[in-house]
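What follows is each chain in one-letter form.
2 protein chains.
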Amino acid sequence: MPAMHRFIAAFVAAGVLAISTAGQTPSRPNIVIILADDMGYGDIGAFGSPNIRTPRLDRMAAEGQKWTNFYVQPVCSPSRAALLTGRLPLRSGMYGVAGGTAPKVIRNNAAQGLPDSEITIAELLKTHGYATAIVGKWHLGSLKPFLPMAQGFDYWFGLPYSHDMDMTAPRENGFKSAAYYNPKPEYWNVPLMRNGDVVEQPADHRTLTKRYTEEAVRFINDHKSGPFFLYLAHNLPHIPLARSPEFVGHSAAGIYGDVIEELDASTGRVLDALKSAGIERNTLVVFTSDNGPWLPFGSHGGSAGPLRSGKGTTWEGGVRTPAIFWWPGTIKPAVVTDIASSMDLFVTAGKLAGAAFSGDRVIDGVDLRAPIMGTGPSPRHILYYYWDDELRAIRKGAYKAHFITSGAYDDGEARIAQTQPLLFNLADDPGERHNIAAQHPEIVADLQREADEHRRSMVAGPPLFDSLLPPR
Amino acid sequence: MPAMHRFIAAFVAAGVLAISTAGQTPSRPNIVIILADDMGYGDIGAFGSPNIRTPRLDRMAAEGQKWTNFYVQPVCSPSRAALLTGRLPLRSGMYGVAGGTAPKVIRNNAAQGLPDSEITIAELLKTHGYATAIVGKWHLGSLKPFLPMAQGFDYWFGLPYSHDMDMTAPRENGFKSAAYYNPKPEYWNVPLMRNGDVVEQPADHRTLTKRYTEEAVRFINDHKSGPFFLYLAHNLPHIPLARSPEFVGHSAAGIYGDVIEELDASTGRVLDALKSAGIERNTLVVFTSDNGPWLPFGSHGGSAGPLRSGKGTTWEGGVRTPAIFWWPGTIKPAVVTDIASSMDLFVTAGKLAGAAFSGDRVIDGVDLRAPIMGTGPSPRHILYYYWDDELRAIRKGAYKAHFITSGAYDDGEARIAQTQPLLFNLADDPGERHNIAAQHPEIVADLQREADEHRRSMVAGPPLFDSLLPPR
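Residue numbers (the numbering used here), protein chains in the order written: chain A, 19 to 490; chain B, 19 to 490.
For reference, chain A alone in the conformation it holds in the complex (with noise of 0.2 Å):
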């Protein structure tokens, strides 16, 4: 649909609202995203786990929306740019330049961070009168000027970045590594933060999952009259895993299933925060994580269930994750197969919190009021899929094309640019098992020809994963 005719569309649903009781927009809810750190499609009940019990993530998903098609960046720090800015990583700088088995993310040892001219969902929110807290895993810079309280947070308490960095165990074997598999706070030396200062290093990274709960119920508590902006960004289930002590054990499914139950019993606790301080309906709450699952740990990595392959490819296994938005009394429960993208989130945010948006930049997200609210579908059509600098693959529609393939992290999937590119249609096919290139040339030439109108249109910021700080 052209636009023009979306915003008629968009305006006579607006007249009818008007004057029905029902759908009305409640208005400044407070806001929460819960992001879990390389949790796989398939890890949640609700979204097929056979083995591990997520009771909490099921009702919230039976209570609100289940999303099928929502999507993320395929690896950290870039997939929590996106997330924040509602842009595309390569605009925000916020990428490296493609090389390697993996694609890059910020560095302990970074020069850089998410540039201060770029505008998050804190810093948007804030302007109208929120009051903002990360509590959990930044990873859009190590140096303070790039830290969260630089990008619009009141209130941190978290990682810098990914626990497993700065490593002083030995890293002798690679994915099998035997600190990854027995692992010991002190062999990573990653400082917990309490907004600028360290308050412990190492960290112990296996309460950490109870303590960004207790504070971010504590935030909840402190601030119930809202309106609130939360982004509770856990670093588990990354690798080392990790859980406290009533936790060991809790799942048949092995310490990955311990890991995933402590982060499905924490969502539960602040979903209750919510309800106790009976702010629930005029809370949009999302759970989803920042890209799929990391599988050469084996069994310390976790699942894409249905989807192929994982973190750190543009396969869907890597980059479309399981995502529940949850809003007591304007969301009404629907599975949900319309796309979405985490960058939807900035601007979904922003117009739930009546703000405008200058035109002053490319904003990549849009907004996902309509389908939250029941009263119109996803205005999103089209997915770009990077990897780094690289436009790997595009998706239109129910239509995806790869124009380059690779697996990650030595997963023994070569690198190979397409001479003809692969086409899948994700709705009857969302494993990528039949390429259906030469039966739809017309398909594979239309995706082709959006993704060179992207390429020629984009404007990337300078890449500023590459520049690191030098050896102390």
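Derived by calculation from the structure, the hints in this document are not laboratory data. It should be emphasised that the depicted structure is a prediction, and the values quoted were computed from it without experimental measurement. One or more of the hints may lead you astray.
Okay, the calculated bits of chain B under chain A, using three or more residues with CB under 8 Å as the criterion [unchecked claim]:
id: 1; region: 56–69
id: 2; region: 265–272
id: 3; region: 309–321
id: 4; region: 439–447
Backbone N, C-alpha and C fix where the C-beta goes; we use that ideal spot for every residue, glycine too.
On the provided structure of chain A, position chain B as indicated by the hints.
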């Protein structure tokens, strides 16, 4: 049940509950088994399908028990024999001698069928006053002495075997034959039967699901006073895919999605009929599939979700199926990860009907009343995975050992008699990705011992699938 009796029953139940803790077994409940054909573990929303919409099955799962470790046999006829008799197909002769690339089934020109000496659920329940009906596919014998009326069913409406049998169209290209993808009823000379009589030939496969549903609802309405046993054995989503006109284009997931969504609606109609009749609190409904998805049919086959391989193999994708138990007032909503087999339904149905088992034969099923009532775990700890007469794998608790692995139906995976068995921990690796035999030789040895003991004690019936009628 008349309203007055229901009132009394409710009163009595309330009284009983007041003096007991819980878990009283209602007496002689109706039993409904709904069996899909070739539906994969991942084809239902509640079991993780990202693209097929199954709101009624999802709700059934949310109201009842979602079983995530429920097992069947890897292919049609053995699976139906096991379900109906509670015995491994090897005992009843419902197998062929191993060979070729697929396990054997009963052919349309079969000279034999399920022996008269076998006792089916229908026969068992009939002796306890149940009215019995099969609506749908039989596939345990094509000649009159082997049809459902000879095995305890009062009523039958359906096909004697699969609707892709007795093919008259060219099958020039195996799984890629054009007839499968643009099927016409006249391509297969399959009879539709009512009791002993052919009522339509060739059967119009497009309206099978619809007509089966109507027959099932009619049977329920005609037997409200109960008790009854209804075995609703759909022919779909087995190829050739077909659905009634209302479901053409119903799904965004293509024709396979249409077919599953019609089955979803059908299941909803059956549950609604039970509710309308006021007997839902006295009826156990079990929904499952006869085996995993038939993968070589591409987008005309289903998905095993996170499980490995599909129909015709002893990988989990071949034998683990979505399973939902529903019984309002008796079954509390739960996800059940205990192990169960379709063979257990024979024993469970018998126990619920008050049957005693004479001990004149080996029964492989176990009594699932405890997990159904929520009073205890499943008593099943061991599973034997057969392909024809070969014991290919065994599961004990979380561990599964493969002695022989193979794909099926020319899927390219060769048969390998493993010199060292493969070992998987299905509790943390349901996808059978990580062979851990080298780390756990003692578990491999234990499973090997269990398999040897099972082989020693097995008394097989003569193989009956290879006995065919002389050519006409």
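Item to complete: Quick one: see if chain A covers the region 309–321 of chain B, three-plus residues with Cβ-Cβ under 8 Å.
Response: Since three or more residues must qualify, the claim that chain A covers the region 309–321 of chain B holds, with 3 doing so at under 8 Å.
Discussion item. Between the region 56–69 of chain B and chain A, are there enough contacts, at least three residues with CB-CB distance under 8 Å, for the coverage claim to hold?
Written reply: holds (count 9)
Worksheet item: If you look at each residue in the region 439–447 of chain B, do at least three have a Cβ nearer than 8 Å to any Cβ of chain A?
Response: holds (count 5)
Fill in: Given coverage of the region 265–272 of chain B by chain A, checked by CB-CB distance under 8 Å (3 or more)
Holds, because 3 residues of the region 265–272 of chain B bring their Cβ atoms closer than 8 Å to Cβ atoms of chain A.
Violated hints: none; the structure is consistent with every hint.
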